[in-house]
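Q: Letter by letter, the chains look like this.
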Amino acid sequence: MLQRLSPVVSVLLLFLLTFQLQSCRTDSQSSAEEVVAPEGPVTVSARLRGEPDRLSPYFTLRGFSRQVYRLFFPTLLDFYPSTMKLEPMLAKALPTIEPIEEGPHAGGFAFSMEIKEQAVWDDGSPVLASDYIFTLKMINNPKIGGVTAVYRDAMSFIRDVEVDPDNPKKFTILTSSYYIQADQAVGVWVYPEYAYDPDGLLRDIPLVDLTDPDKAAALAESNENLATFAERIQDPKYTTDKDYLISCGAYRLDEWEKGQRLVLKKKDNWWGNGLEKDAPLLSAYPEQITYKIMADQNTAVTMVRDEGFDILSSIPAGNFAELQESELVSKNFNFFTPFTSTYNYLGLNTNSPKLEDKRVRRALAHVFDADKVIEVVNQGYGKKMSNPIPDMYDFHDSSLAPIEFDAEKARTLLAEAGWEDSNGDGTVDKVVDGTPTEMILKYITTPGNTVGNNIALIYKEDAQKVGVTIELVTMEINKLMEARARGEFEMFSARSGLDPSSYDPYQLWHTASSSNRSGFGDAESDALIEELRTTLDKERRYALYKEFQQLLREEQPIILINLAQERILIHKKYKGATATVLTPGFHPHFYHY
Amino acid sequence: MLWYFGRRLLLFVPTLLIISLVAFGLSRLAPGDPIQCGTQDLLEHGLGANSYESARTRYREEARRKGLDKPPFYLAIRPAAYPDTLYRILERYQRQTLRKLIDQYGNWPQIQAYAQRLEDWERQLYQLPRERSRDAQIRLERDLRLLKLSYRQERVESYFVKMQALIEADSLLREDLGPAWQALREAYTQILDEATPERLLQPALHWYGTDNQYHFWLFNFLRGDFGYSCRNGQAVADRLGGALWWTLIMSLPAILLSYLIAVPIGIRAATRRDSWFDRISTLILFLLYSLPSFWVATLLIVFVTTAEYGAWLDLFPTSGVGELPDEAPFWARLGERAHHLILPVFCMTYASLSFISRQMRTGVLYVLGQDFIRTAHAKGLPPRRVVWRHVFRNALFPLITLVALILPGVISGSVIVELIFNIPGMGRETISAIQARDWPVVYTILMLSAILTLLGNLLADLLYTLADPRVSYD
Numbered sequence: 003m004l005q006r007l008s009p010v011v012s013v014l015l016l017f018l019l020t021f022q023l024q025s026c027r028t029d030s031q032s033s034a035e036e037v038v039a040p041e042g043p044v045t046v047s048a049r050l051r052g053e054p055d056r057l058s059p060y061f062t063l064r065g066f067s068r069q070v071y072r073l074f075f076p077t078l079l080d081f082y083p084s085t086m087k088l089e090p091m092l093a094k095a096l097p098t099i100e101p102i103e104e105g106p107h108a109g110g111f112a113f114s115m116e117i118k119e120q121a122v123w124d125d126g127s128p129v130l131a132s133d134y135i136f137t138l139k140m141i142n143n144p145k146i147g148g149v150t151a152v153y154r155d156a157m158s159f160i161r162d163v164e165v166d167p168d169n170p171k172k173f174t175i176l177t178s179s180y181y182i183q184a185d186q187a188v189g190v191w192v193y194p195e196y197a198y199d200p201d202g203l204l205r206d207i208p209l210v211d212l213t214d215p216d217k218a219a220a221l222a223e224s225n226e227n228l229a230t231f232a233e234r235i236q237d238p239k240y241t242t243d244k245d246y247l248i249s250c251g252a253y254r255l256d257e258w259e260k261g262q263r264l265v266l267k268k269k270d271n272w273w274g275n276g277l278e279k280d281a282p283l284l285s286a287y288p289e290q291i292t293y294k295i296m297a298d299q300n301t302a303v304t305m306v307r308d309e310g311f312d313i314l315s316s317i318p319a320g321n322f323a324e325l326q327e328s329e330l331v332s333k334n335f336n337f338f339t340p341f342t343s344t345y346n347y348l349g350l351n352t353n354s355p356k357l358e359d360k361r362v363r364r365a366l367a368h369v370f371d372a373d374k375v376i377e378v379v380n381q382g383y384g385k386k387m388s389n390p391i392p393d394m395y396d397f398h399d400s401s402l403a404p405i406e407f408d409a410e411k412a413r414t415l416l417a418e419a420g421w422e423d424s425n426g427d428g429t430v431d432k433v434v435d436g437t438p439t440e441m442i443l444k445y446i447t448t449p450g451n452t453v454g455n456n457i458a459l460i461y462k463e464d465a466q467k468v469g470v471t472i473e474l475v476t477m478e479i480n481k482l483m484e485a486r487a488r489g490e491f492e493m494f495s496a497r498s499g500l501d502p503s504s505y506d507p508y509q510l511w512h513t514a515s516s517s518n519r520s521g522f523g524d525a526e527s528d529a530l531i532e533e534l535r536t537t538l539d540k541e542r543r544y545a546l547y548k549e550f551q552q553l554l555r556e557e558q559p560i561i562l563i564n565l566a567q568e569r570i571l572i573h574k575k576y577k578g579a580t581a582t583v584l585t586p587g588f589h590p591h592f593y594h595y
Numbered sequence: 050m051l052w053y054f055g056r057r058l059l060l061f062v063p064t065l066l067i068i069s070l071v072a073f074g075l076s077r078l079a080p081g082d083p084i085q086c087g088t089q090d091l092l093e094h095g096l097g098a099n100s101y102e103s104a105r106t107r108y109r110e111e112a113r114r115k116g117l118d119k120p121p122f123y124l125a126i127r128p129a130a131y132p133d134t135l136y137r138i139l140e141r142y143q144r145q146t147l148r149k150l151i152d153q154y155g156n157w158p159q160i161q162a163y164a165q166r167l168e169d170w171e172r173q174l175y176q177l178p179r180e181r182s183r184d185a186q187i188r189l190e191r192d193l194r195l196l197k198l199s200y201r202q203e204r205v206e207s208y209f210v211k212m213q214a215l216i217e218a219d220s221l222l223r224e225d226l227g228p229a230w231q232a233l234r235e236a237y238t239q240i241l242d243e244a245t246p247e248r249l250l251q252p253a254l255h256w257y258g259t260d261n262q263y264h265f266w267l268f269n270f271l272r273g274d275f276g277y278s279c280r281n282g283q284a285v286a287d288r289l290g291g292a293l294w295w296t297l298i299m300s301l302p303a304i305l306l307s308y309l310i311a312v313p314i315g316i317r318a319a320t321r322r323d324s325w326f327d328r329i330s331t332l333i334l335f336l337l338y339s340l341p342s343f344w345v346a347t348l349l350i351v352f353v354t355t356a357e358y359g360a361w362l363d364l365f366p367t368s369g370v371g372e373l374p375d376e377a378p379f380w381a382r383l384g385e386r387a388h389h390l391i392l393p394v395f396c397m398t399y400a401s402l403s404f405i406s407r408q409m410r411t412g413v414l415y416v417l418g419q420d421f422i423r424t425a426h427a428k429g430l431p432p433r434r435v436v437w438r439h440v441f442r443n444a445l446f447p448l449i450t451l452v453a454l455i456l457p458g459v460i461s462g463s464v465i466v467e468l469i470f471n472i473p474g475m476g477r478e479t480i481s482a483i484q485a486r487d488w489p490v491v492y493t494i495l496m497l498s499a500i501l502t503l504l505g506n507l508l509a510d511l512l513y514t515l516a517d518p519r520v521s522y523d
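Heads up: the sequence lines are chains A and B, in that order. The number in the working numbering is simply the position in the first sequence, starting from 1, with 2 added. The number in the working numbering is simply the position in the second sequence, starting from 1, with 49 added.
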């Protein structure tokens, strides 16, 4: 089951989620045959698997939306796809970060940035620090609910913004604390104040009052402007109507035919033209980028045979093999299979009396045959992992090897933990809290999770060989979420991803996080995570990462299935177009003939 | 007859009300949380200011914004053991837990006291100084989260035992949390000791008045305000308008073609009963009927929309409805749309041919055996005239009945065909709305379908009288 994307992570990482990381390695299997590039302006078409709900960053967390709006809502900072390094986009340079020694924000950090002098909105007015402040006020408006409220909570470490009196494009963000992804979190999307708040409803409300939850709550009662603004900005036209989606990006939404396509056209005389040499993220070569909405996988695969798309990603392994054999497709497309930073795993409920003992959890890991699963279920795509931090990261602990399939060892570990088949029924048992208990593990899954269910079937067969009975319980997704919240499960399959340059393990592994479904952690692991995410010193942080990986290995709260591998087709007519290291695996604004 | 149709129209009102009640009731029973429609899990918490309390505040705000903090209906008839304020507990899992406790013990005052003690104890636990045994505190927090959602005695007590051991093992924790812990345990014991399961057998009526979810939805619906999609805040009418257009564009030609092809086949098969034509047409139509539309649609897409199997087979566009802009000449757009819709319309048409033609054949065969047809033949009327003038009209009844069924189908669309051919019609919209728990959209589709079903039946009654003047409703 694809684990629900946590809003907290989504927000904290902000635009990072725009680019969930894929492996540094791209594996092109293209033929050397040249395709003649067409005459005329560059156009690109790609498939969207579903309809976006909204196209405004702070009002949606839906992946389909993200792919599209990032082309017309630039961020202050962003990741460069091939290097995975954070680079300035709307900002002139990366922020300088300094601790605040005195004043009301003492103990916090100051992030100083300047917006590029060329950056202008669609009406020609400059993008200013005041627009950034307006954006933060919008996010912190307590009258705005839904997704925006989730952003509000996650960006609560920002207290205030000071504008340079001599330069309205230069500003300093004052925060209450620092954590490893704070520089990315402050470098977010900026909204034009002139377009979204033409009456200046938020102008006279100090940002510092809105970032203080108590003052904000009082203001929500006393200041009608907040409610008026909230009502206006939540009107769907501000998030779906091409005339109201105003930003300073290279593209504008030209057409949105529901259920069919979204057409983005490059703005005439865009301010970023010519700057791509110094700021490659501002590259915007295609004149038109079309996202075709196509839910059905088979139809999408057929369309690509007919060059109905220039880019097709997330192709099922079976279809990918078929397409590789097609002369028509091979003639026109390059095939890419980059590893991603997304990994699949089996979550274990460490609170269950049956799985409390880490030897039992390790035994379960030893009877999971990852090689077989990769070969049979994933048709060879993906690779075994030794821990949830993939080897593409500098802070990956290479001293750890993947846990090997070893039924004998599993039997020994179970016996050491007191689980033996005393009644000869084929399932090991033990007296737990005075009650004879059989090792029957409830594996919860959803009917549509074909991959997860196939994995479960393979695992069930192997586990039974050491006396562990896996009971596959299929339930509707909401029922499954409920079962997980209530702790009424032993195992589930899930998927998680890491971010480009750093990894904050808080979300999945800290005991205070509601997303920590396996129940992993104690005071020691919490302290380790807390130190890790606030340590500026790289060497120390890397040492902590390794310690954390060792701890995860020791405790075995999950069983790793594999590191996922993407399958992407990109038309050969584009020069140098390649599947990139960041999700969605392709970045059409870099493509040219 | 007017009186009859007037009565039928009046009957629409209670029928539609019942349908709306059933739809509303089912939506309440469906899994999933409508408060979270269009958002991520608002109750997720853990980082920064994103505490459990702030997550709950956020959740309550969202419920209020969507009007889901009101009582669901005008009244509730349920066991007396239930309080009239349970709807105020917005968090679905928590409400379900309390409901399950009530179902077991029937003593709401004690359950309420226990829930209150849990909240109090939770507050104390989260306010403990950091220097207390952090490990024990973490485990207590984790167990408490699960205890709050537990209702089976065995499970509740297992958490009590685990938590008691943690508290007992630490003198500071015992001092800080002991009294409240004791009160919590006592509150649970009281639930067990003072259970009143007999109250579960006594019915009680709670009246909530008109400030309820159903009332708002119904009256807005009657005013033509179908509400807003919870996925993107768009007006439901706007959202469905576009989808309806595409469904009509597909459905109407499909229906027309079905009748234009199937009716003559049915008549010919009947008039030449047991002939080669009858046998072969029956075989072919049944063969088509047995082919699932998703399979045929996929085959068509694979084989006749690309040059993969020969350039001459690249006959149709693979999917969608075309890309010509609105400014393009009308005939060019019409041609492009028609080209895109040929395959979907074919898929919607072929399966119904068999059904319609068999109905027609049966109807015609029945009429052909009637005395008045023999008389017509005996009078020397040409066979064609007998068939089309006398037989056809009298054999129309089954077709009229079908028309009544088709009307709601015209707007409900074909999910499979729309999905495979990527047509943004009503079928696709319905499925996506159900999957997203977008109830305002689902209700509207359901109500419109219900209205059309009723109108279809009324229309059929009217058509019966036109087809056969002997039919009278007086």
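To be clear, the hints were calculated from the coordinates, so they are not data collected in a lab. Ideal Cβ placement from N, Cα and C applies to all residues, glycine included. Careful, some of the hints might be misleading.
Stated by the list, open to error - With a Cα cut of at most 20 Å, we get these calculated EDC-like pairs of lysine to aspartate or glutamate:
#	chain 1	residue 1	chain 2	residue 2
1	B	K211	A	E490
2	A	K462	A	E377
3	A	K267	B	D375
4	A	K217	B	E168
5	A	K432	B	E203
6	A	K360	B	D192
7	A	K481	B	D90
8	A	K444	B	D375
9	A	K239	B	D274
10	B	K211	A	E556
11	A	K267	B	D133
12	A	K239	B	D192
13	A	K260	B	E357
14	A	K333	B	E372
15	B	K211	A	D408
16	B	K211	B	D274
17	A	K540	A	E89
18	A	K333	B	D363
19	A	K267	B	E247
20	A	K244	B	E110
21	B	K149	A	E490
22	A	K360	A	D124
23	A	K260	B	E168
24	A	K360	B	D184
25	A	K260	B	E385
26	B	K211	A	E89
What the hints assert, rightly or not - Stretch by stretch, here's where chain A covers chain B in the computed footprint (C-beta under 8 Å, at least three residues):
#	stretch
27	104 to 111
28	340 to 354
Q: Now look at each hint and say whether the structure bears it out.
A: Here is how each hint holds up against the structure:
no.	hint	in the structure
1	B:K211 to A:E490	holds (17 Å)
2	A:K462 to A:E377	holds (17 Å)
3	A:K267 to B:D375	holds (17 Å)
4	A:K217 to B:E168	violated (26 Å)
5	A:K432 to B:E203	holds (19 Å)
6	A:K360 to B:D192	holds (19 Å)
7	A:K481 to B:D90	holds (14 Å)
8	A:K444 to B:D375	violated (55 Å)
9	A:K239 to B:D274	holds (18 Å)
10	B:K211 to A:E556	violated (24 Å)
11	A:K267 to B:D133	violated (56 Å)
12	A:K239 to B:D192	violated (45 Å)
13	A:K260 to B:E357	violated (29 Å)
14	A:K333 to B:E372	violated (25 Å)
15	B:K211 to A:D408	violated (34 Å)
16	B:K211 to B:D274	violated (54 Å)
17	A:K540 to A:E89	holds (19 Å)
18	A:K333 to B:D363	holds (17 Å)
19	A:K267 to B:E247	violated (69 Å)
20	A:K244 to B:E110	violated (29 Å)
21	B:K149 to A:E490	holds (15 Å)
22	A:K360 to A:D124	violated (59 Å)
23	A:K260 to B:E168	violated (46 Å)
24	A:K360 to B:D184	holds (17 Å)
25	A:K260 to B:E385	holds (18 Å)
26	B:K211 to A:E89	violated (50 Å)
27	104 to 111	holds (count 4)
28	340 to 354	holds (count 4)
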